[in-house]
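Residue numbers (numbering that gives the first Met the number 0), protein chains in the order written: chain X, 0 to 259; chain W, 0 to 259; chain Y, 0 to 259; chain Z, 0 to 259.
Calculated directly from the structure, the hints in this document are not laboratory data. Incorrect hints may appear among the rest.
For identical chains, the list gives no copy identity; a pair is met inside one copy or between any two copies.
DSSO-like mimics (lysine-lysine), calculated; alpha carbons at most 27 Å apart, straight line [as the list claims (entries may be wrong)]:
| id | residue 1 | residue 2 |
| --- | --- | --- |
| 1 | K224 | K132 |
| 2 | K210 | K132 |
| 3 | K71 | K210 |
| 4 | K49 | K18 |
| 5 | K184 | K1 |
| 6 | K72 | K224 |
| 7 | K224 | K49 |
| 8 | K184 | K210 |
| 9 | K210 | K137 |
| 10 | K71 | K224 |
| 11 | K137 | K184 |
| 12 | K184 | K11 |
| 13 | K29 | K184 |
| 14 | K29 | K107 |
| 15 | K80 | K224 |
There are 4 protein chains.
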Amino acid sequence: MKILFIGDIVGKIGRQAVKNLLPNLIDRYKIDMVIANGENAAGGFGITEKTAAEIFSFGVHVITTGNHIWDKKEAVPYIAKENRILRPINYPPATPGAGSIIFTLPNKEKIAVINVSGRVFMNTLDCPFRTSKAEVEKLRESTNIIIIDFHAEATSEKIAFGYYMDGLVSAVIGTHTHVQTADEKILSGGTAYITDVGMTGPQTSVIGIEKEQIVERFLSQMPRKYDVAGGKGLLSAVVIEIDNKCGRATAIQRLQLTNP
Amino acid sequence: MKILFIGDIVGKIGRQAVKNLLPNLIDRYKIDMVIANGENAAGGFGITEKTAAEIFSFGVHVITTGNHIWDKKEAVPYIAKENRILRPINYPPATPGAGSIIFTLPNKEKIAVINVSGRVFMNTLDCPFRTSKAEVEKLRESTNIIIIDFHAEATSEKIAFGYYMDGLVSAVIGTHTHVQTADEKILSGGTAYITDVGMTGPQTSVIGIEKEQIVERFLSQMPRKYDVAGGKGLLSAVVIEIDNKCGRATAIQRLQLTNP
Amino acid sequence: MKILFIGDIVGKIGRQAVKNLLPNLIDRYKIDMVIANGENAAGGFGITEKTAAEIFSFGVHVITTGNHIWDKKEAVPYIAKENRILRPINYPPATPGAGSIIFTLPNKEKIAVINVSGRVFMNTLDCPFRTSKAEVEKLRESTNIIIIDFHAEATSEKIAFGYYMDGLVSAVIGTHTHVQTADEKILSGGTAYITDVGMTGPQTSVIGIEKEQIVERFLSQMPRKYDVAGGKGLLSAVVIEIDNKCGRATAIQRLQLTNP
Amino acid sequence: MKILFIGDIVGKIGRQAVKNLLPNLIDRYKIDMVIANGENAAGGFGITEKTAAEIFSFGVHVITTGNHIWDKKEAVPYIAKENRILRPINYPPATPGAGSIIFTLPNKEKIAVINVSGRVFMNTLDCPFRTSKAEVEKLRESTNIIIIDFHAEATSEKIAFGYYMDGLVSAVIGTHTHVQTADEKILSGGTAYITDVGMTGPQTSVIGIEKEQIVERFLSQMPRKYDVAGGKGLLSAVVIEIDNKCGRATAIQRLQLTNP
Ligand SMILES: [Fe+2]
Ligand SMILES: [Fe+2]
Ligand SMILES: [Fe+2]
Ligand SMILES: [Fe+2]
Ligand SMILES: [Fe+2]
Ligand SMILES: [Fe+2]
Ligand SMILES: [Fe+2]
Ligand SMILES: [Fe+2]
Numbered sequence: 000m001k002i003l004f005i006g007d008i009v010g011k012i013g014r015q016a017v018k019n020l021l022p023n024l025i026d027r028y029k030i031d032m033v034i035a036n037g038e039n040a041a042g043g044f045g046i047t048e049k050t051a052a053e054i055f056s057f058g059v060h061v062i063t064t065g066n067h068i069w070d071k072k073e074a075v076p077y078i079a080k081e082n083r084i085l086r087p088i089n090y091p092p093a094t095p096g097a098g099s100i101i102f103t104l105p106n107k108e109k110i111a112v113i114n115v116s117g118r119v120f121m122n123t124l125d126c127p128f129r130t131s132k133a134e135v136e137k138l139r140e141s142t143n144i145i146i147i148d149f150h151a152e153a154t155s156e157k158i159a160f161g162y163y164m165d166g167l168v169s170a171v172i173g174t175h176t177h178v179q180t181a182d183e184k185i186l187s188g189g190t191a192y193i194t195d196v197g198m199t200g201p202q203t204s205v206i207g208i209e210k211e212q213i214v215e216r217f218l219s220q221m222p223r224k225y226d227v228a229g230g231k232g233l234l235s236a237v238v239i240e241i242d243n244k245c246g247r248a249t250a251i252q253r254l255q256l257t258n259p
Numbered sequence: 000m001k002i003l004f005i006g007d008i009v010g011k012i013g014r015q016a017v018k019n020l021l022p023n024l025i026d027r028y029k030i031d032m033v034i035a036n037g038e039n040a041a042g043g044f045g046i047t048e049k050t051a052a053e054i055f056s057f058g059v060h061v062i063t064t065g066n067h068i069w070d071k072k073e074a075v076p077y078i079a080k081e082n083r084i085l086r087p088i089n090y091p092p093a094t095p096g097a098g099s100i101i102f103t104l105p106n107k108e109k110i111a112v113i114n115v116s117g118r119v120f121m122n123t124l125d126c127p128f129r130t131s132k133a134e135v136e137k138l139r140e141s142t143n144i145i146i147i148d149f150h151a152e153a154t155s156e157k158i159a160f161g162y163y164m165d166g167l168v169s170a171v172i173g174t175h176t177h178v179q180t181a182d183e184k185i186l187s188g189g190t191a192y193i194t195d196v197g198m199t200g201p202q203t204s205v206i207g208i209e210k211e212q213i214v215e216r217f218l219s220q221m222p223r224k225y226d227v228a229g230g231k232g233l234l235s236a237v238v239i240e241i242d243n244k245c246g247r248a249t250a251i252q253r254l255q256l257t258n259p
Numbered sequence: 000m001k002i003l004f005i006g007d008i009v010g011k012i013g014r015q016a017v018k019n020l021l022p023n024l025i026d027r028y029k030i031d032m033v034i035a036n037g038e039n040a041a042g043g044f045g046i047t048e049k050t051a052a053e054i055f056s057f058g059v060h061v062i063t064t065g066n067h068i069w070d071k072k073e074a075v076p077y078i079a080k081e082n083r084i085l086r087p088i089n090y091p092p093a094t095p096g097a098g099s100i101i102f103t104l105p106n107k108e109k110i111a112v113i114n115v116s117g118r119v120f121m122n123t124l125d126c127p128f129r130t131s132k133a134e135v136e137k138l139r140e141s142t143n144i145i146i147i148d149f150h151a152e153a154t155s156e157k158i159a160f161g162y163y164m165d166g167l168v169s170a171v172i173g174t175h176t177h178v179q180t181a182d183e184k185i186l187s188g189g190t191a192y193i194t195d196v197g198m199t200g201p202q203t204s205v206i207g208i209e210k211e212q213i214v215e216r217f218l219s220q221m222p223r224k225y226d227v228a229g230g231k232g233l234l235s236a237v238v239i240e241i242d243n244k245c246g247r248a249t250a251i252q253r254l255q256l257t258n259p
Numbered sequence: 000m001k002i003l004f005i006g007d008i009v010g011k012i013g014r015q016a017v018k019n020l021l022p023n024l025i026d027r028y029k030i031d032m033v034i035a036n037g038e039n040a041a042g043g044f045g046i047t048e049k050t051a052a053e054i055f056s057f058g059v060h061v062i063t064t065g066n067h068i069w070d071k072k073e074a075v076p077y078i079a080k081e082n083r084i085l086r087p088i089n090y091p092p093a094t095p096g097a098g099s100i101i102f103t104l105p106n107k108e109k110i111a112v113i114n115v116s117g118r119v120f121m122n123t124l125d126c127p128f129r130t131s132k133a134e135v136e137k138l139r140e141s142t143n144i145i146i147i148d149f150h151a152e153a154t155s156e157k158i159a160f161g162y163y164m165d166g167l168v169s170a171v172i173g174t175h176t177h178v179q180t181a182d183e184k185i186l187s188g189g190t191a192y193i194t195d196v197g198m199t200g201p202q203t204s205v206i207g208i209e210k211e212q213i214v215e216r217f218l219s220q221m222p223r224k225y226d227v228a229g230g231k232g233l234l235s236a237v238v239i240e241i242d243n244k245c246g247r248a249t250a251i252q253r254l255q256l257t258n259p
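All chains, please: the whole structure from these sequences, using the hints.
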């Protein structure tokens, strides 16, 4: 089976890129399932019921998120009940929303997705390594096909997590830095890995935001409002090919497409 | 002219990869000058006179560094006097060593190199934006060909710095994360840019270190000794093509080569 | 001469405590000049023209601030032109507002005040040590009486700064942690020092905020709105006695008063 | 009953201060039990079997620690088996050593001690709030007298933790910043609280270290070796008075004594 994983969708330009480019991608790569990180879908910060509905309507099956998950306060009740939107699983036990899902395709194939956050230079959550391992053990009772979105900053934490999960899951896909890395590979245990899949948003920007605004921020050190940049959209993604029987990945391919 | 920039050389495996692969690279790409980041050259942490001499002997003209520059205390006097080794320029004014160099090739062509450190999730140094801009203005009196090694963690700071320097320098090459990014490009003002060139060291490792050691560190949260991993070497680099007259970059190409 | 330094004023309860308690304090301790940190004066976050005017009307001569200085965007033009409000001096050169002031009392005595921010666990500003020393050298041409508000988090940075400034200024008064420390002293060179003067705001609170809200934040790790707590006010301050001739401090006394 | 809690003992000067001053303190305040934080006992960094034995020999019953617990690698097996030395309880489950103890006095009175670490600006451990609460519930089956050493940096986290534990334990005593705070109090539920008890070590120093070394570190931003400062010792502590029947604190008193 083939899974398309789309990196952090930023604002309207990111959503438009998914809308315009996804149908053709699904067709061309014979994609069975689409996962997308949507933590920046709503104006660059957070996700709302409306933006999530839009993303689902384009053909995305499961939306993962990250540290921006709670940016839109009004969306908390929605996140709490919509089980196709994940928030990092290593938030405290009583946190609204789900950290994993077992998604069933029309052909009855079951794919588990886990969303987990790193801790280095990030929020002080529960241990991503232990939390994820416990969850994987539970999910493997239902399916061998497990995809993890590891939303983290430090390359050391991401790579270590990949090796830690190698052989236990089908793929560890890094998100959060908004820059695609060129280190996609199949680890020796059969886990597809990439440090960061990159973002889906304005091509000419600083991780999605107007570049002048971020430069000014670094120069002045004064807080300011940020706007999602304009211009052309970039879609960053990976295609993961998985052996349905055992859940092992057989291929991972990076994509960066411009929305003309 | 063509410049080869080699990412953070980690330990003996990294140095061996340079030794074995560099001659052929110089030949194949008709490289005029070689710059390499050497902050992890000596056992993964810092650089020494011996490891630096070795790297220079392979054909590297200028060595840049980063946050690990002072790891080997005995090397400080050497760094202080060897002007072909750079330490980040935004250390305080009285810091030993140089933050930039104007290097003259046999054909009299002058290439300026600046090494600068980011501040997000890094040491509390002087502003990299202001410090670099002032240095660029000085260096441009001598040459239009200026290469900056921006040693930084956060993608936002690196990309913003790239745009800030666009049109003022020939290239902004990111280092420090040890993972090559797939966002190499020529910015509109003619500056070649990549968020991170990646590392040159053991291919199967966590940013150069034995993977089991780093995984154990994340699981136990206890400090421990780290060893550079064994196995095959990986060389990560970019080739930058520059118009000698105006200093504008015309091409940037990523390389990842295995040392068999 | 005697200077009263009042710690971070938090919200209306903090301002009321100053209003009600200051006249008696001035009288009782024969205070010549009053300095107050006002970075939390407006609803706990930042300062406005209105809250500053109120604080000045109570008898405060100079208001210092810290990392919350820019929280109220509408106040930036006011801060830019009101030289009795200081923002940390180690912001970049072009930053609105002043980082120091030479204030002249009715009796012609001149007192210099500097506001500077630490960098450990704080914003990435210019070096507080170098920036302050350069400013002190300039100010000493006008007066020997210099008070520094060092707005910082880490005790190591604050104490080191105190020793660094010992003999150069009359007092180094720490702010930012909102908890008064019991280490007030006169250093050997004649500089009065305290790691933190403490805050002026709701007595039963977590650094000024409703305690339930902060506890919930730590439990849930989810962002939320914070409100200044209610209840009785606490005024935290120090009285510094200075030898007018040489600028050396001769005494420093901690105060914590409840606003009944 | 009366418990003396001694703040972070730093090096030989700290140990000497305990040796010389403790007998008289026990006598004068009729102390039943002595707890001391020993994370800096061995040359400022960590604790060893020898320094711990020395501290126990002075009359300390239980030693707590913090982030420096693992600084002396050779001590790990000792820490693993000596149950009177605590390491923060919120390390991962398999961590060597104990995070709490129920200590029985000669008069059969049982006192529980918990050591826990904060997470703000500290290591990425398990949630101190949840972990401590669960432990308190277990310990209360054996005794009502529970003392917590909360080893943390941020005043907000420490104060919030105090309120969170109010009514559940006899005392929350903050450590780690090495500066005694002047906010000791009995919270409304009967828990004695202080943000930081302060350190026990060289009086003229930067949190125990030679002041010139730390100043130089801030000026140069270069790593260096640190030495525990010389000179007179300072002992920082609190005396907590507890109602044996219910475990509620009735008084908390700060002490700062010089070792002449
Ligand atoms: Fe993120
Ligand atoms: Fe994102
Ligand atoms: Fe680095
Ligand atoms: Fe490196
Ligand atoms: Fe502050
Ligand atoms: Fe404040
Ligand atoms: Fe300590
Ligand atoms: Fe500590």
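We went through each hint and held it up to the structure:
In this homomeric assembly, K224 and K132 come within 27 Å of each other (Cα to Cα) only across copies, at 25 Å, whereas the closest approach inside a single copy is 39 Å. When the C-alpha separation of K210 and K132 is checked against a cutoff of 27 Å, the pair qualifies only between copies, where the shortest distance is 17 Å, while the shortest distance within a copy is 39 Å. When the C-alpha separation of K71 and K210 is checked against a cutoff of 27 Å, the pair qualifies both within a copy, at 23 Å, and between copies, at 24 Å. Proximity of K49 to K18 under the C-alpha cut-off of 27 Å is restricted to the intra-copy arrangement: shortest distance 15 Å within a copy versus 49 Å between copies.
Taking CA atoms no more than 27 Å apart as the test, K184 paired with K1 passes inside one copy only; the shortest distance there is 16 Å, against 30 Å between copies. In the homo-oligomer, the alpha carbons of K72 and K224 lie at most 27 Å apart both inside one protomer (18 Å) and across protomers (10 Å), since each shortest distance falls under that limit. For the homomeric pair K224 and K49, the shortest alpha-carbon distances inside one copy (23 Å) and between copies (23 Å) are both at most 27 Å. Proximity of K184 to K210 under the C-alpha cut-off of 27 Å is restricted to the inter-copy arrangement: shortest distance 16 Å between copies versus 31 Å within a copy.
In this assembly of identical chains, K210 and K137 lie within 27 Å of each other by CA distance solely across copies; the values are 26 Å between and 44 Å within a copy. Taking the closest pair of Cα atoms, K71 and K224 come within 27 Å of each other both inside a single copy (15 Å) and across two copies (12 Å). For the homomeric pair K137 and K184, the shortest alpha-carbon distance inside one copy (26 Å) is at most 27 Å, but the shortest distance between copies (44 Å) is not. Proximity of K184 to K11 under the C-alpha cut-off of 27 Å is restricted to the inter-copy arrangement: shortest distance 24 Å between copies versus 31 Å within a copy.
Taking the closest pair of Cα atoms, K29 and K184 come within 27 Å of each other only inside a single copy of the chain (20 Å); across copies the shortest separation is 30 Å, beyond that limit. In this assembly of identical chains, the alpha carbons of K29 and K107 lie at most 27 Å apart only when taken from the same copy (17 Å versus 56 Å across copies). Taking CA atoms no more than 27 Å apart as the test, K80 paired with K224 passes between copies only; the shortest distance there is 23 Å, against 31 Å inside one copy.
Hint compliance for this structure: every hint is met.
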